[in-house]
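**Q** Sequence:
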Amino acid sequence: MIKQTQAHDIAVIRSNLLGSQNEILFGFSTRQGGFSDSPYDMNLSYKVGDDHENVCKNRKMFFSTLNINPDRLAIPNQVHGDTVQFVTDPGTFPSCDALMTNRPNIFLVITVADCLPIFLFDPTTKSLAAIHVGWRGSVSSILKKTIMGMQLKYDVRPENLIAYLGPSAGPCCYEVGHDVAKFFSRQYLIIKNNQKKNFHLDLKKYNIDLLRGVGVLKKNIEISSQCTICNPEVFHSYRRDWEKSGRMMGVIGRVI
-12 MIKQTQAHDI AVIRSNLLGS QNEILFGFST RQGGFSDSPY DMNLSYKVGD
38 DHENVCKNRK MFFSTLNINP DRLAIPNQVH GDTVQFVTDP GTFPSCDALM
88 TNRPNIFLVI TVADCLPIFL FDPTTKSLAA IHVGWRGSVS SILKKTIMGM
138 QLKYDVRPEN LIAYLGPSAG PCCYEVGHDV AKFFSRQYLI IKNNQKKNFH
188 LDLKKYNIDL LRGVGVLKKN IEISSQCTIC NPEVFHSYRR DWEKSGRMMG
238 VIGRVI
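Our numbering applies: residue -12 is where the sequence shown begins, and numbers increase by one.
Hint data in this document are derived by calculation from the structure and do not stem from the laboratory.
Note that beta-carbon positions come from the ideal geometry of N, C-alpha and C, so glycine has one too.
Warning: the hint list may mix true and false statements.
Stated by the list, open to error - In silico SDA-like pairs for lysine to any residue, Cα to Cα no more than 20 Å straight-line:
hint : residue 1 : residue 2
1    : Lys192    : Glu220
2    : Lys47     : Gly36
3    : Lys47     : Leu12
Claimed, not checked - Ranges of calculated distance between the beta carbons of each label pair, as one might list FRET restraints:
hint : residue 1 : residue 2 : range
4    : Thr111    : Lys231    : 41 to 49 Å
5    : Ser82     : Val201    : 20 to 28 Å
6    : Glu220    : Cys43     : 21 to 29 Å
7    : Lys206    : Lys47     : 32 to 40 Å
8    : Asn3      : Lys179    : 31 to 39 Å
9    : Arg123    : Pro26     : 19 to 27 Å
10   : Cys217    : Pro91     : 32 to 40 Å
11   : Lys179    : Asn147    : 33 to 41 Å
12   : Tyr33     : Asn3      : 29 to 37 Å
Put together the whole structure using the sequences plus the hints.
**A** As structure tokens, this is what we get:
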């Protein structure tokens, strides 16, 4: 179960599983609170047309709520690809959609507004990852590639991993055309209109099955049931609001 806490007039979504690890700092933002004018609200992206100063204030508020120093962030320039970067220092990482590290006091960030954010932590090797997963990333198996990278680089065993899948577009609202649906087997698709062949895609189920397939234990997987599209009071959604959509961030890191 996910619990929300109010802090400094913003809502932060937490993970019970990650929260049970004393050394882990984790949080996922919402659109509630912040300094930006509507429709941006608690927007954390500099790339959507929001006022730069307001975004700075929003970021400062979010990360201070989590007791994270913004100078210790590792932020990918996401491109809906399958590139995974190993992180040894904070900074900006071009053209990648997943970051991993085993260093303490480095906080991995993912930016989303419908795509699936996935966060991994191995309590044994003290390594962790943050992954931005849309339908393209799912098709290209970015989650599996990240776990394989953690196995090779940090000697991670999948059965030790803790995984949190955050709020994202749910099968209730995530409509795709045949051009996307053709990449997924029927078990991940819901046909809403037999004549028009409108498909709804369940990305969470797809990636949960991938996690289970590589050996992550069911008890170690926590899933947010919240859909970003049909919860406009809580979440930004690009598919719902298009150019008027802000962005949310999830962040994970280990402190010593």
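**Q** Broken hints, numbered, in rising order?
**A** 1
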